[in-house]
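**Student:** Given next are the chains, with one letter for each unit.
There are 2 protein chains.
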Amino acid sequence: MSNTFARRMGTVHRSFIREILKVTANPEIISFAGGLPNPELFPVAAMDTAAHGVFAEIGASALQYSTTEGDAGLRAIIAKRYKDVRGLDVDPDSILVTTGSQQILDLVAKVFIDRGDKIVIERPGYLGAIQAFSLFEPEFVTVSLEPDGPNLDELEAAFRDGAKCFYSVPNFQNPSGVTYSLEKRKAVAALLDKYGVLFVEDDPYGELRFMGEDLPSIYSFCKNPGILCGSFSKIAAPGFRLGWLVTGKEVYDKLVIAKQAADLHTSTVAQSIMRRYLETNDIESHVALIRERYGYQRGVMVEMIKRYFPSEVSIIEPEGGMFLWATMPEGVSSMDLFDVAIKDKVAFVPGRPFYVDGTGENTMRLNFSNSDEGRIEEGIKRLGRSIATFLK
Amino acid sequence: MSNTFARRMGTVHRSFIREILKVTANPEIISFAGGLPNPELFPVAAMDTAAHGVFAEIGASALQYSTTEGDAGLRAIIAKRYKDVRGLDVDPDSILVTTGSQQILDLVAKVFIDRGDKIVIERPGYLGAIQAFSLFEPEFVTVSLEPDGPNLDELEAAFRDGAKCFYSVPNFQNPSGVTYSLEKRKAVAALLDKYGVLFVEDDPYGELRFMGEDLPSIYSFCKNPGILCGSFSKIAAPGFRLGWLVTGKEVYDKLVIAKQAADLHTSTVAQSIMRRYLETNDIESHVALIRERYGYQRGVMVEMIKRYFPSEVSIIEPEGGMFLWATMPEGVSSMDLFDVAIKDKVAFVPGRPFYVDGTGENTMRLNFSNSDEGRIEEGIKRLGRSIATFLK
Numbered sequence: 001m002s003n004t005f006a007r008r009m010g011t012v013h014r015s016f017i018r019e020i021l022k023v024t025a026n027p028e029i030i031s032f033a034g035g036l037p038n039p040e041l042f043p044v045a046a047m048d049t050a051a052h053g054v055f056a057e058i059g060a061s062a063l064q065y066s067t068t069e070g071d072a073g074l075r076a077i078i079a080k081r082y083k084d085v086r087g088l089d090v091d092p093d094s095i096l097v098t099t100g101s102q103q104i105l106d107l108v109a110k111v112f113i114d115r116g117d118k119i120v121i122e123r124p125g126y127l128g129a130i131q132a133f134s135l136f137e138p139e140f141v142t143v144s145l146e147p148d149g150p151n152l153d154e155l156e157a158a159f160r161d162g163a164k165c166f167y168s169v170p171n172f173q174n175p176s177g178v179t180y181s182l183e184k185r186k187a188v189a190a191l192l193d194k195y196g197v198l199f200v201e202d203d204p205y206g207e208l209r210f211m212g213e214d215l216p217s218i219y220s221f222c223k224n225p226g227i228l229c230g231s232f233s234k235i236a237a238p239g240f241r242l243g244w245l246v247t248g249k250e251v252y253d254k255l256v257i258a259k260q261a262a263d264l265h266t267s268t269v270a271q272s273i274m275r276r277y278l279e280t281n282d283i284e285s286h287v288a289l290i291r292e293r294y295g296y297q298r299g300v301m302v303e304m305i306k307r308y309f310p311s312e313v314s315i316i317e318p319e320g321g322m323f324l325w326a327t328m329p330e331g332v333s334s335m336d337l338f339d340v341a342i343k344d345k346v347a348f349v350p351g352r353p354f355y356v357d358g359t360g361e362n363t364m365r366l367n368f369s370n371s372d373e374g375r376i377e378e379g380i381k382r383l384g385r386s387i388a389t390f391l392k
Numbered sequence: 001m002s003n004t005f006a007r008r009m010g011t012v013h014r015s016f017i018r019e020i021l022k023v024t025a026n027p028e029i030i031s032f033a034g035g036l037p038n039p040e041l042f043p044v045a046a047m048d049t050a051a052h053g054v055f056a057e058i059g060a061s062a063l064q065y066s067t068t069e070g071d072a073g074l075r076a077i078i079a080k081r082y083k084d085v086r087g088l089d090v091d092p093d094s095i096l097v098t099t100g101s102q103q104i105l106d107l108v109a110k111v112f113i114d115r116g117d118k119i120v121i122e123r124p125g126y127l128g129a130i131q132a133f134s135l136f137e138p139e140f141v142t143v144s145l146e147p148d149g150p151n152l153d154e155l156e157a158a159f160r161d162g163a164k165c166f167y168s169v170p171n172f173q174n175p176s177g178v179t180y181s182l183e184k185r186k187a188v189a190a191l192l193d194k195y196g197v198l199f200v201e202d203d204p205y206g207e208l209r210f211m212g213e214d215l216p217s218i219y220s221f222c223k224n225p226g227i228l229c230g231s232f233s234k235i236a237a238p239g240f241r242l243g244w245l246v247t248g249k250e251v252y253d254k255l256v257i258a259k260q261a262a263d264l265h266t267s268t269v270a271q272s273i274m275r276r277y278l279e280t281n282d283i284e285s286h287v288a289l290i291r292e293r294y295g296y297q298r299g300v301m302v303e304m305i306k307r308y309f310p311s312e313v314s315i316i317e318p319e320g321g322m323f324l325w326a327t328m329p330e331g332v333s334s335m336d337l338f339d340v341a342i343k344d345k346v347a348f349v350p351g352r353p354f355y356v357d358g359t360g361e362n363t364m365r366l367n368f369s370n371s372d373e374g375r376i377e378e379g380i381k382r383l384g385r386s387i388a389t390f391l392k
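Respectively, the protein sequence lines represent chains A and B. Note that my numbering has the first sequence beginning at 1, numbered continuously upward. Note that my numbering has the second sequence beginning at 1, numbered continuously upward.
Misleading hints may appear alongside valid ones.
Put simply, identical chains are the same to the list, so a pair is met inside one copy or across any two.
[Stated by the list, open to error] As a list, the in silico DMTMM-like pairs of lysine to aspartate or glutamate whose alpha-carbon atoms are at most 25 Å apart:
#1 K184 <-> E213
#2 K118 <-> E137
#3 K345 <-> E139
#4 K22 <-> D253
#5 K345 <-> E312
#6 K249 <-> E19
#7 K249 <-> E57
#8 K345 <-> E28
#9 K392 <-> E378
#10 K22 <-> E250
#11 K22 <-> D91
None of these hints come from the bench; they were simulated from the model.
Using the sequences and the hints given, assemble the complete structure.
**Tutor:** In structure tokens form, the structure reads like this:
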């Protein structure tokens, strides 16, 4: 039967990370491998009340088919928050509600990528984007991620060479934790406009800043409308599968067509509960709580790494988000280290899957959002021990 | 900017039906155009209780990321219902929960369709499938739908000619209302096995039979595992966007990869509420209620058509489902009739969009699930008047 699969399936595989998560299901293992928000912070009681309110007030409408574009009330709230929180003017009619922000990547790939098109991504890059785009058989062009954003020479070279699209996570990137500086944001926007490259700005973590100043989106500096992506997964809860995008009219219409074909519309139930939750709760103070907790955990992890990791290991200290990136000396394999570490009951994600060019062998991603202080201390101690053994 | 869209976007358009639904939003218009279940039958109070139960019992887990395959408890219930209701043995591990059954069509297209592959569909065919498949640029081959199923000579000719896949809705098909006879089911299965064609059996309406006997799925007659599709949209509520597929191991694994890339997993919230609803309510008596109501409405529509439609119009009397199919004399355009009818404040779906070959000009689809007796009588009267005026 395998000869009947489409050609595109030859190049994609199950998410390596999701496979790792199965190994780490054992509760004795301290896992920094996942990318999960901390469930202790999910607003369970408020969602319960919101759900009851929805069924009591709008009843059957919450259970019926609804528009592909998304709930009008929810889109109005998203637009208002862009204004209030980011100072960004966004027309609710330019917002498309999606089945998680992962779906945006699938829709963008469908609407824009012909086989062989050059798509620029960061090196290391977000695995979900690599997976979604790969199914449409682009040629990936990668640009180095430096501590303040992409290498601009590489980026311009890629654009000059006919890139169609640049996919970027400018705030607390997954996996690296890197945040683009203000200067690089402006420079990237100027290059995008100069070369007419489609920009996809993915921003699931932007509101989770623990230190430093919020920076404007690159979207806000661009003359040509790109696609700005947002998500409720990190500021409320991922189990709803609710994301959204903002874009210009022409692109919007094409994405709506692709979404109709993909799943008709995003769950009416999920959208209705989220809308009511937002209408009846103070999401801003909830986000502040998440920032405080994750910021604390991030601080513990950085401190413990300095205490327990061999000095040959360098890290990028993130200003927000959920991930910390570590680099071991050249020639050291984090894939091999993983096998050693798992015996000491600690897990992380080896960096190589984030590099489409097969490099990144000596890197790793550590998640700090989903472990408390005690587990972070113990886990980093174990991992430091594994690395030290391994380096010998 | 339009020159940057992918080639595949040139062949697809917004759903004509969804555009019609905007015209019919006016409550003065009696609309037989939609494909909506009757919201009066949605189990609102039971879903409210189920949602509260979920938040009280599993709390944060219902809001977290979850597996791509879907909730294990929900899959067990789906498998049990296949056994209890259909007498079909289905392994829960062969079930993939999807974001509505529309998503299955997108995933199947991704996993199987290379540009130019021959995909066999019914004529008329389900619009959602035509849309989802079109994005992957197949060559559609259509087979005539007769009152007892597809024309077998045409089907064999298409299979012999190298068809890769046959997509079919054997129970109360959308749009035609046609149900395959037992003989044709067996014959189709034999042809599928003989030619090694992938079978996608879409069955959203199978449980909504008002008269006659339930017939086994074609899937149950096939030696090679195809893909059997199901949905909660018509037996519970569509607003959850919950569907599922059943298939063999090799195909399953590929579909899981495609689903990971599409939206990671189906909404945990939606799956948890549906599971609890099914665990704590008698879905079988709920489905019996839907069958009774729709069956009554279908009877009224058939009777009123016989009373008010000109005799030149022929119909297929469906044994279940949500749709009734009418054919006017050759040369009469239901697109033109639509403009006349809408002035008399009654709407339907012209049949042409269901024909990829551009025929079907003289056909129309009428929905009976979402109008009560009074509106069906008045609407069919108006439509009969419009047709009579038009035929003159």
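**Student:** Next step is simple, just say for each hint if it's right about the structure.
**Tutor:** To see whether the hints hold, each was checked on the structure:
no.: 1; hint: K184 <-> E213; in the structure: within (15 Å within a copy, 68 Å between copies)
no.: 2; hint: K118 <-> E137; in the structure: both (10 Å within a copy, 21 Å between copies)
no.: 3; hint: K345 <-> E139; in the structure: neither (38 Å within a copy, 53 Å between copies)
no.: 4; hint: K22 <-> D253; in the structure: between (39 Å within a copy, 16 Å between copies)
no.: 5; hint: K345 <-> E312; in the structure: within (22 Å within a copy, 77 Å between copies)
no.: 6; hint: K249 <-> E19; in the structure: between (39 Å within a copy, 17 Å between copies)
no.: 7; hint: K249 <-> E57; in the structure: neither (33 Å within a copy, 44 Å between copies)
no.: 8; hint: K345 <-> E28; in the structure: within (7 Å within a copy, 67 Å between copies)
no.: 9; hint: K392 <-> E378; in the structure: within (22 Å within a copy, 86 Å between copies)
no.: 10; hint: K22 <-> E250; in the structure: between (42 Å within a copy, 20 Å between copies)
no.: 11; hint: K22 <-> D91; in the structure: between (42 Å within a copy, 21 Å between copies)
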